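There are 2 protein chains.
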Amino acid sequence: MSPTERSTVRRGAKRAVADRAQLHAVLDAGYVCHLSTVVRGAPLVLPTGYGRVDDTLYLHGSTGALSLRTAASGVEVCLAVTVLDGLVYARSVFHHSMNYRSAVVHGTAVPVTDEAEKLAGLRAITEHLTPGSWDHARQPSRKELAATAVLAVDLAEAAVKVRAGGPVDDEDDVAADRAWAGHVPLALVAGEPVPAADLSPGWVVPSHVTRVADR
Amino acid sequence: MSPTERSTVRRGAKRAVADRAQLHAVLDAGYVCHLSTVVRGAPLVLPTGYGRVDDTLYLHGSTGALSLRTAASGVEVCLAVTVLDGLVYARSVFHHSMNYRSAVVHGTAVPVTDEAEKLAGLRAITEHLTPGSWDHARQPSRKELAATAVLAVDLAEAAVKVRAGGPVDDEDDVAADRAWAGHVPLALVAGEPVPAADLSPGWVVPSHVTRVADR
Chain A
422 MSPTERSTVR RGAKRAVADR AQLHAVLDAG YVCHLSTVVR GAPLVLPTGY GRVDDTLYLH
482 GSTGALSLRT AASGVEVCLA VTVLDGLVYA RSVFHHSMNY RSAVVHGTAV PVTDEAEKLA
542 GLRAITEHLT PGSWDHARQP SRKELAATAV LAVDLAEAAV KVRAGGPVDD EDDVAADRAW
602 AGHVPLALVA GEPVPAADLS PGWVVPSHVT RVADR
Chain B
422 MSPTERSTVR RGAKRAVADR AQLHAVLDAG YVCHLSTVVR GAPLVLPTGY GRVDDTLYLH
482 GSTGALSLRT AASGVEVCLA VTVLDGLVYA RSVFHHSMNY RSAVVHGTAV PVTDEAEKLA
542 GLRAITEHLT PGSWDHARQP SRKELAATAV LAVDLAEAAV KVRAGGPVDD EDDVAADRAW
602 AGHVPLALVA GEPVPAADLS PGWVVPSHVT RVADR
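Line order of the protein sequences matches chains A and B.
Numbering-wise, the working numbering comes out as the position in the first sequence, counting from 1, plus 421.
Numbering-wise, the working numbering comes out as the position in the second sequence, counting from 1, plus 421.
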């Protein structure tokens with residue numbers, strides 16, 4: 422993972438995982454990334470979709486969107502993907518915590534100009550939401566492609582943190598036995614597909630939609 | 422909501438909601454915020470817990486943590502809370518989307534030095550995870566309080582975006598009727614509480630834990 426000074430996890434180093442497969446797994450498990458840029462010296466963070474191809478993360482947006490214009494001009498980006506796995510109840514409020522898998526990526530967002538890579542990036546972003554979506558729906562027109570900016574971020578500089586399991590309490594608090602301790606798992610669960618109001622009758626929900634995986 | 426130039430939603434203005442009650446609702450519905458700061462000219466974004474008291478958002482961390490040290494020195498912060506509500510399948514890949522509620526706050530994180538406010542901030546952060554947690558568990562010791570930095574962010578400058586419902590397709594694609602269209606709701610669902618491995622026998626899971634609300 423080649424941690425740099427910046428991506429080396431300083432606090433809670435025991436939760437850092439220097440493993441590329443685990444970085445990919447966290448990125449693949451999330452739906453939304455939080456993309457941070459510096460705009461006129463001030464921080465800006467916005468939620469956005471993304472997709473991954475090997476060690477490249479793709480972002481997209483309107484060609485006019487503020488954060489993407491900034492990134493396209495060469496400013497650095499930092500983005501985080503966080504999957505919340507549970508709430509952790511300790512004997513002390515001090516040790517209350519959350520279970521999560523988190524990836525933080527530092528890099529430069531490079532505008533994708535090659536049309537084939539642009540399509541591959543958009544495909545990755547769409548397939549990231551639900552595999553099978555890209556081939557089922559209408560592909561982008563030239564006009565739609567021109568209106569869409571695609572940015573590539575190399576995943577070379579990244580850090581993963583994972584917390585799992587129950588609380589870690591002070592010995593005194595365990596001995597005192599004055600509070601319940603444990604954790605509650607949380608998972609993002611998919612409900613029943615809702616057909617569009619203007620969908621013509623006779624459509625069966627396609628299999629890529631019925632099998633949306635809980636994350 | 423007094424949107425400034427910066428917090429005015431430029432893209433998708435129809436999704437901006439200039440309503441303070443809705444800002445509070447989004448912040449209260451999330452578990453994790455993504456806190457962005459500028460460190461040596463570069464953006465940094467990290468996931469962290471938070472709590473709200475009226476129009477003040479509280480953050481906490483180790484007194485040594487990088488992002489909080491930066492914020493305490495007066496640098497601006499930007500933070501986002503995003504609640505993912507569903508996946509949206511359009512007839513075209515271009516109009517695929519996600520349903521979400523999102524709040525983005527711009528402000529300065531002010532270190533809380535008053536001990537009563539510091540406790541109130543920590544209480545808000547703990548109660549935000551699960552109401553009832555603070556009173557059930559052991560309160561912070563002087564040593565724990567000294568090791569914890571609490572920061573307050575005024576919610577004056579904020580923007581809310583909400584997307585809900587089904588896809589918005591081009592008329593031509595609706596008429597062509599070549600793809601299924603609709604959405605799949607997503608919700609963060611709580612599982613069964615898991616007692617800590619070292620919990621003494623005889624404990625019943627307390628009611629504030631059994632009633633963790635799905636979000």
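Quick caveat, the hints were computed from the structure, so don't treat them as lab data.
Please note that a few of the clues may not be correct.
You can't tell identical chains apart in this list, so a pair holds if it fits in one copy or across any two.
[As the list claims (entries may be wrong)] Only pairs whose alpha carbons sit at most 25 angstroms apart, straight line, appear in this in silico DMTMM-like list of lysine to aspartate or glutamate:
#1 K564 to D598
#2 K564 to D593
#3 K564 to E548
#4 K564 to D476
#5 K539 to D594
#6 K539 to D591
#7 K539 to D449
#8 K564 to E592
#9 K564 to D594
#10 K539 to D619
#11 K564 to D591
#12 K539 to D440
#13 K564 to D535
#14 K564 to D449
#15 K564 to E497
#16 K564 to D440
#17 K564 to D475
Bear in mind that the values here come from a model prediction, so they are computed numbers and not experimental data.
We went through each hint and held it up to the structure:
no.	hint	verdict
1	K564 to D598	between (65 angstroms within a copy, 21 angstroms between copies)
2	K564 to D593	between (66 angstroms within a copy, 14 angstroms between copies)
3	K564 to E548	within (21 angstroms within a copy, 49 angstroms between copies)
4	K564 to D476	neither (29 angstroms within a copy, 43 angstroms between copies)
5	K539 to D594	between (55 angstroms within a copy, 22 angstroms between copies)
6	K539 to D591	between (52 angstroms within a copy, 22 angstroms between copies)
7	K539 to D449	within (20 angstroms within a copy, 38 angstroms between copies)
8	K564 to E592	between (64 angstroms within a copy, 16 angstroms between copies)
9	K564 to D594	between (63 angstroms within a copy, 15 angstroms between copies)
10	K539 to D619	neither (31 angstroms within a copy, 53 angstroms between copies)
11	K564 to D591	between (61 angstroms within a copy, 13 angstroms between copies)
12	K539 to D440	neither (28 angstroms within a copy, 38 angstroms between copies)
13	K564 to D535	within (16 angstroms within a copy, 57 angstroms between copies)
14	K564 to D449	neither (29 angstroms within a copy, 40 angstroms between copies)
15	K564 to E497	neither (29 angstroms within a copy, 38 angstroms between copies)
16	K564 to D440	neither (40 angstroms within a copy, 35 angstroms between copies)
17	K564 to D475	neither (28 angstroms within a copy, 46 angstroms between copies)
When the structure is compared with the earlier hints, violations turn up for hints 4, 10, 12, 14, 15, 16, 17 and for no others.
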